[in-house]
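Sequence lines, in order, name chains D and F.
Heads up, the first sequence stops at 398 in this note's numbering, and the numbers go up one at a time, no gaps.
Heads up, the second sequence stops at 296 in this note's numbering, and the numbers go up one at a time, no gaps.
Any given hint could turn out to be false.
When the alpha-carbon atoms are kept at most 20 Å apart in a straight line, the in silico EDC-like pairs for lysine to aspartate or glutamate are as follows [to be verified]:
1) F/77 / F/49
2) F/95 / F/79
3) D/65 / D/123
4) D/366 / F/57
5) D/366 / F/219
6) F/77 / F/62
7) D/366 / F/278
8) F/95 / F/58
9) F/102 / F/230
10) F/270 / F/58
11) D/366 / F/114
12) F/270 / F/206
13) D/366 / F/63
Bear in mind the hints are in silico, worked out from the structure with no lab data behind them.
Source: prediction; values computed, not measured.
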Amino acid sequence: MTAWGLVGLATLIGIFTAWTLGANSNSPPFAPAIGANAISTMRAALLIGLLAGAGAVLQGGSISKTIGTGLIDGVAITPLAATAGLLTAATFMAIGIFSGYPVPAAFATTGAMVGVGISLGGDPSIGTLQGIGLFWLMVPPVSGGLAYITATLLRREDIPDAVSIPVLAGLVSGVLANIELGVIPGPPTVTQNSVARFVAWQLPTSSIAGIDPMVVLTTVGFALVGFVFIRRRTQASVEQGVSTFLVVIGSVVAFSSGGSQVGLATGPLEYLYGVELGLPGFVLLAIGAIGILAGAWMGAPRLLQATSREYAQLGARRSIAALVPGFLIAQTAIALGIPVSFNNIIISGVIGGGLAAGSAGVSRRKIGVTVSFWLITLGTSVVTGYAVNTALHVIFGA
Amino acid sequence: MSERGPEGDVLVAVAEPEHVPQLVRTAADLARQRTGRVRLMTVEVKSRDSPFGMFSDETIIEEFAADSHELLDQAPKPEGVEIVRDLVVARTVAKGVVSAVKRTDPTALVIGWDSEPSRSDALLGTTVDAVFERAPTDVYAERIGREAGGVGSVLVPVAGGPHVRAAVTAGGAIATENQAQLTVFSVGRAETDRESAQSFVEEGVETFEGVLGDSMDVETHVEMADSIEDAIVDAAEAHDVVVFGATRKGVLRGRLVGSVPRHVVNRTDKTVLIARGEHGTIGVLGRLQAMLSGKK
Chain D
1 MTAWGLVGLA TLIGIFTAWT LGANSNSPPF APAIGANAIS TMRAALLIGL
51 LAGAGAVLQG GSISKTIGTG LIDGVAITPL AATAGLLTAA TFMAIGIFSG
101 YPVPAAFATT GAMVGVGISL GGDPSIGTLQ GIGLFWLMVP PVSGGLAYIT
151 ATLLRREDIP DAVSIPVLAG LVSGVLANIE LGVIPGPPTV TQNSVARFVA
201 WQLPTSSIAG IDPMVVLTTV GFALVGFVFI RRRTQASVEQ GVSTFLVVIG
251 SVVAFSSGGS QVGLATGPLE YLYGVELGLP GFVLLAIGAI GILAGAWMGA
301 PRLLQATSRE YAQLGARRSI AALVPGFLIA QTAIALGIPV SFNNIIISGV
351 IGGGLAAGSA GVSRRKIGVT VSFWLITLGT SVVTGYAVNT ALHVIFGA
Chain F
1 MSERGPEGDV LVAVAEPEHV PQLVRTAADL ARQRTGRVRL MTVEVKSRDS
51 PFGMFSDETI IEEFAADSHE LLDQAPKPEG VEIVRDLVVA RTVAKGVVSA
101 VKRTDPTALV IGWDSEPSRS DALLGTTVDA VFERAPTDVY AERIGREAGG
151 VGSVLVPVAG GPHVRAAVTA GGAIATENQA QLTVFSVGRA ETDRESAQSF
201 VEEGVETFEG VLGDSMDVET HVEMADSIED AIVDAAEAHD VVVFGATRKG
251 VLRGRLVGSV PRHVVNRTDK TVLIARGEHG TIGVLGRLQA MLSGKK
């Protein structure tokens with residue numbers, strides 16, 4: 001097989017992986033909004049594709065780099081190795097979809113790339129892997145805990161919805177001012193910048209106790225806009241305010257999901273595109289974004305129809321309680337460059353929100369089975385990645 | 001959830017509101033010949049990958065199964081039968097139906113099947129295939145959407161095999177309940193086949209009498225034709241309901257529904273039932289063999 005043939009094959013598997021991610025991982029954020037009749041299924045699917053695609057291009061770089069170059073020290077991921085890693089990860093995802101077993105894409109891809117890297121003779125980057133492991137362990141308690149706090153706030157009868165919902169909107173807006181996007185210009189030393197830091201860069205002031213007052217001011221300004229916008233809607237009618245917030249939070253979570261998931265498909269191709277082909281980072285992310293967009297448009301309507309009824313029964317408040325931590329954790333993961341499974345975050349959030357209502361009503365057995373499958377995915381993907389890469393190198397005599 | 005009746009209920013699995021009346025009607029016809037009780041069930045599907053799949057079955061039934069409750073509550077109540085309702089939580093429809101069969105031990109199971117399956121390699125659709133292979137009771141798959149208004153006559157084409165009893169039993173029950181004519185029919189491909197076709201028909205009638213006694217006259221018909229399919233399609237024109245037996249024991253052929261019924265259903269707009277007798281399940285080895293031989 002020629003080098004170009006291999007590049008084409010690896011890219012194709014990457015697009016397929018992105019398509020699978022788009023069809024399965026990016027749609028849950030809008031299910032609560034559809035369940036509350038705040039938006040139609042088709043319009044939501046359209047938005048999910050555009051938002052997740054945009055998130056992939058604007059925020060996908062950090063996790064993509066971790067997958068491609070951060071997991072293993074001492075070796076570069078060759079096109080053949082990238083093919084092996086993607087093939088392994090895509091196979092795991094396909095098995096998950098067809099068998100109905102929970103196979104988190106983040107676990108499969110990370111495991112596969114570690115296995116591939118080891119078989120190339122590299123050393124696992126212990127520091128990075130420890131960080132990732134710690135983050136994964138923290139996801140259930142943190143997501144569940146944040147959902148619990150949010151749900152408790154929303155349930156309190158002494159705090160009216162016209163206050164609690166706008167406060168959450170303000171919080172989300174404040175965080176939005178600080179997320180890093182590829183398109184916002186900044187000083188030459190940074191590749192990505194946030195709105196708040198952009199303002200601070202344009203209007204230099206002396207920092208107080210290491211904090212730039214312009215960053216704080218922009219954050220507060222954003223938070224105020226979010227608060228006032230949703231406050232006006234809730235004052236007009238609480239239901240209208242809740243519906244609007246469900247669409248807003250669904251949008252930012254869909255955007256974040258694109259940014260946090262695309263790297264799972266493009267990461268293995270980082271070295272190939274960035275170094276061997278010398279292309280700028282956004283080219284690879286754009287390829288992944290197209291895959292995610294197509295996957296979301298084709299897969300989301302079916303998935304949304306199935307899940308929106310469930311979220312409707314969960315209720316708007318518990319849905320919000322699950323989505324807010326989803327947004328915060330996904331953005332933290334993007335900022336730290338840590339691959340995450342979106343589904344794990346949402347599962348923990350839904351359970352955490354349930355605990356606030358008294359009893360979660362969860363089945364220990366079912367949770368045990370699901371967590372076991374997560375661990376099995378992690379372990380077997382390392383071994384499979386190692387084996388597939390070794391096999392491909394034997395076959396192609398590389 | 002009540003216990004099994006003296007002879008077992010007739011279980012009917014439903015999913016789409018618009019198909020419930022058709023399936024309940026067939027189940028009621030079968031039930032009147034038995035204990036008079038229909039167990040109406042639906043499966044609340046919760047995958048292991050869904051946040052809602054983490055809740056206990058009790059929580060799901062209480063809080064996250066509104067559509068299923070509505071589906072069961074709105075089902076019609078046919079005359080002369082008692083209806084009990086059963087909501088099962090499972091990862092797939094097939095798993096839920098099979099587990100309900102094992103738990104409630106019904107005498108028969110009625111399921112709907114869409115004649116335009118989305119998966120081309122599935123014989124009747126993935127769910128019906130899996131239920132045919134695994135549910136340890138008589139299973140009747142009724143094609144949905146092609147319901148006969150009134151039933152004046154029922155055709156049961158036979159060619160021997162282990163599913164004749166199930167086919168004749170259902171055909172007889174439907175005919176009796178609707179005061180319709182029952183015709184047991186077989187086709188021989190050439191004159192040399194006439195004897196075996198005749199014996200298939202006789203076996204069918206004997207089976208009918210063994211199950212339902214001499215409660216009604218059974219018409220018999222043997223025909224010689226080059227194409228069995230064409231002959232059955234032509235014969236079906238004069239009837240309202242056609243009940244096929246599944247094919248001979250499935251293991252060797254790797255499939256439970258023979259080529260004749262599969263082709264005939266695409267060429268007739270009559271109500272079609274495919275019957276799979278209680279002992280027609282394919283074991284693990286059979287499924288493995290079917291898979292390996294690429295026929296599944």
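20 Å Cα cutoff - pair residue 270 of chain F, residue 58 of chain F: violated, 41 Å
Holds or violated: residue 366 of chain D to residue 63 of chain F, with C-alpha atoms at most 20 Å apart: Since the Cα atoms of residue 366 of chain D and residue 63 of chain F sit roughly 17 Å apart, the hinted pair holds (cutoff 20 Å).
Holds or violated: residue 366 of chain D to residue 278 of chain F, with C-alpha atoms at most 20 Å apart: violated, 32 Å
Restraint check for residue 77 of chain F with residue 62 of chain F, where alpha carbons must lie at most 20 Å apart: violated, 24 Å
20 Å Cα cutoff - pair residue 270 of chain F, residue 206 of chain F: violated, 26 Å
20 Å Cα cutoff - pair residue 366 of chain D, residue 219 of chain F: violated, 55 Å
Satisfaction of hint between residue 230 of chain F and residue 102 of chain F, Cα-Cα up to 20 Å: violated, 39 Å
Hint consistency between residue 65 of chain D and residue 123 of chain D [alpha-carbon to alpha-carbon, up to 20 Å]: Satisfied, since the Cα-Cα distance of roughly 17 Å is no more than 20 Å.
20 Å Cα cutoff - pair residue 366 of chain D, residue 57 of chain F: holds, 10 Å
20 Å Cα cutoff - pair residue 95 of chain F, residue 79 of chain F: Cα-Cα ~31 Å, so violated.
20 Å Cα cutoff - pair residue 95 of chain F, residue 58 of chain F: holds, 18 Å
Distance restraint between residue 77 of chain F and residue 49 of chain F, which requires alpha-carbon spacing of 20 Å or less: violated, 36 Å
Taken one by one, the earlier hints fail for this structure at numbers 1, 2, 5, 6, 7, 9, 10, 11 and 12, listed in ascending order.
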